[in-house]
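Protein chains: 2
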Amino acid sequence: MVPAQSVRAVAKALAPLLPDRTPVIICAKGIERGTKKFMSDVIAETVPGAVPAILSGPSFAADVARGLPTAVTLAASDGKLAGELAQALGSATFRPYHSSDVRGVEIGGAAKNVLAIAAGVVAGRGLGASASAALTTRGFAELMRFGKAYGAKPETMMGLSGLGDLLLTCSSPQSRNFTFGVNLGRGQKPNAIHAGLAEGVFTAPVLLEMARERSVDMPVSSAVAALLAEKMSVDAAIESLLTRPLKAEA
Amino acid sequence: MVPAQSVRAVAKALAPLLPDRTPVIICAKGIERGTKKFMSDVIAETVPGAVPAILSGPSFAADVARGLPTAVTLAASDGKLAGELAQALGSATFRPYHSSDVRGVEIGGAAKNVLAIAAGVVAGRGLGASASAALTTRGFAELMRFGKAYGAKPETMMGLSGLGDLLLTCSSPQSRNFTFGVNLGRGQKPNAIHAGLAEGVFTAPVLLEMARERSVDMPVSSAVAALLAEKMSVDAAIESLLTRPLKAEA
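Sequence order for the protein chains is A and B.
For the first sequence, counting from 1, position 97 maps to 96 in numbering that gives the first Met the number 0; every step adds exactly one.
For the second sequence, counting from 1, position 187 maps to 186 in numbering that gives the first Met the number 0; every step adds exactly one.
Hints should not be assumed to be uniformly reliable.
In this list, chains with the same sequence are indistinguishable; a pair is considered to hold if it fits within one copy or across any two.
Subject to a maximum C-alpha distance of 25 Å in a straight line, what follows is the list of computed DSS-like cross-link-like pairs (lysine-lysine) [as the list claims (entries may be wrong)]: (1) 11 with 147; (2) 188 with 147; (3) 188 with 230; (4) 246 with 188; (5) 79 with 246; (6) 36 with 152; (7) 11 with 36; (8) 188 with 152; (9) 35 with 246; (10) 152 with 11; (11) 11 with 188; (12) 11 with 35; (13) 147 with 246; (14) 36 with 246; (15) 230 with 79; (16) 11 with 79; (17) 188 with 36; (18) 230 with 11.
Note that these hints are calculated values from the structure, not bench results.
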């Protein structure tokens, strides 16, 4: 997998080799630092002749390779093309649902990595399955708010590339972001943990900046960003979430 | 915990002891067989002087008892009363979010038990974490559709008593419904497994009947009902979900 921060370089190298109007299916998840651009925008800039599409959803490579059932979202602005690509790539066990909401799919793919770090912290700190379910649910609520502010369809955020990938990433030690959070929750300093491909570490500050620009309330992601920046301890971050005023759910 | 099928009898016994206008907070989850009534309707019938409220959400008793952080939904038709009850019951670690959508809360609490059986089957059959996340996501989509057809607010279905409880129930061996599904997935016959308090076993046929009455498509719940009625094998049920035509996500 190409990390989000390397997509521009890889795309530049590929650009001269691609015939015009070639569909390019992006599998990287994240937001480019500095530019705050999503991957489809990076592709549009670096390979202007390409037709960007995006594939995202709950699919550990090992599960797909073993032929276990997997369902994902495949989006392209041209919904008809998305449907054709889904038919071409689908198999008896690999099921792409198609969509025209490219932005929604990339928002889900990027933001869930930040929330997965929070879920890892809850697990690493030993807060129990009920707390983890509550955190994932409140995290999903902020994903919905962020998506709405940036033009995503609610159905996409509730679908495989949004909720589906969030669930997988927030619950499995196979997820690099979750594991990073587990180590944080166990008391390791952010700088002492190898971030590796824990994309959420890079996404968190950019996501928060974008949330602030459109006044989106994201308490869980904010707590993650504060933890990563060592502005808050794990226990203070948990306390900050538990002492918010009790309020109506919606 | 009082199982849903016993709520009427318990409420009848309590009725003479309750002063008029006493808020009665229901913690049972399910639909009454035969009458197809939700718990708040059963209370309204048997204790007409009571004010029915409902508490539901991801909260294993063991987690609550240990003082681990827990967040749930507390609903009453009178939203102000719901807020007061939430304040009265809330503590530093037990956080009730209040709501006026009683019906939405009870739909989530009942339907998630059926979906948890499906998640258990996926785990028991060894289909992997990606398949489980996809199934939970598609299950959540049918929960949303059912809720909409029966007057629930989408925010409630996406909240702690809907999505939150679904996540907990679909992922933990502590859930009786999930465990029942695991045994099914491992090849045991439904009648050979002690249903005990696996409420979803009783809810499935009623839920499906109600879905049919309002033309709600619920493929995952239908597969569970077919498995329970021994009309389909586990592998045929999985096959039925994997061979649905590929389609748009929304």
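Hints, verified against the model:
no.	hint	in the structure
1	11 with 147	neither (31 Å within a copy, 47 Å between copies)
2	188 with 147	neither (34 Å within a copy, 45 Å between copies)
3	188 with 230	within (11 Å within a copy, 54 Å between copies)
4	246 with 188	neither (33 Å within a copy, 45 Å between copies)
5	79 with 246	between (43 Å within a copy, 11 Å between copies)
6	36 with 152	within (19 Å within a copy, 34 Å between copies)
7	11 with 36	within (16 Å within a copy, 61 Å between copies)
8	188 with 152	neither (37 Å within a copy, 42 Å between copies)
9	35 with 246	neither (33 Å within a copy, 32 Å between copies)
10	152 with 11	neither (30 Å within a copy, 47 Å between copies)
11	11 with 188	neither (36 Å within a copy, 57 Å between copies)
12	11 with 35	within (18 Å within a copy, 61 Å between copies)
13	147 with 246	both (21 Å within a copy, 24 Å between copies)
14	36 with 246	neither (34 Å within a copy, 29 Å between copies)
15	230 with 79	neither (47 Å within a copy, 37 Å between copies)
16	11 with 79	neither (27 Å within a copy, 58 Å between copies)
17	188 with 36	neither (29 Å within a copy, 53 Å between copies)
18	230 with 11	neither (37 Å within a copy, 55 Å between copies)
In terms of the numbered hints stated before, the structure departs from hints 1, 2, 4, 8, 9, 10, 11, 14, 15, 16, 17, 18, listed from lowest to highest.
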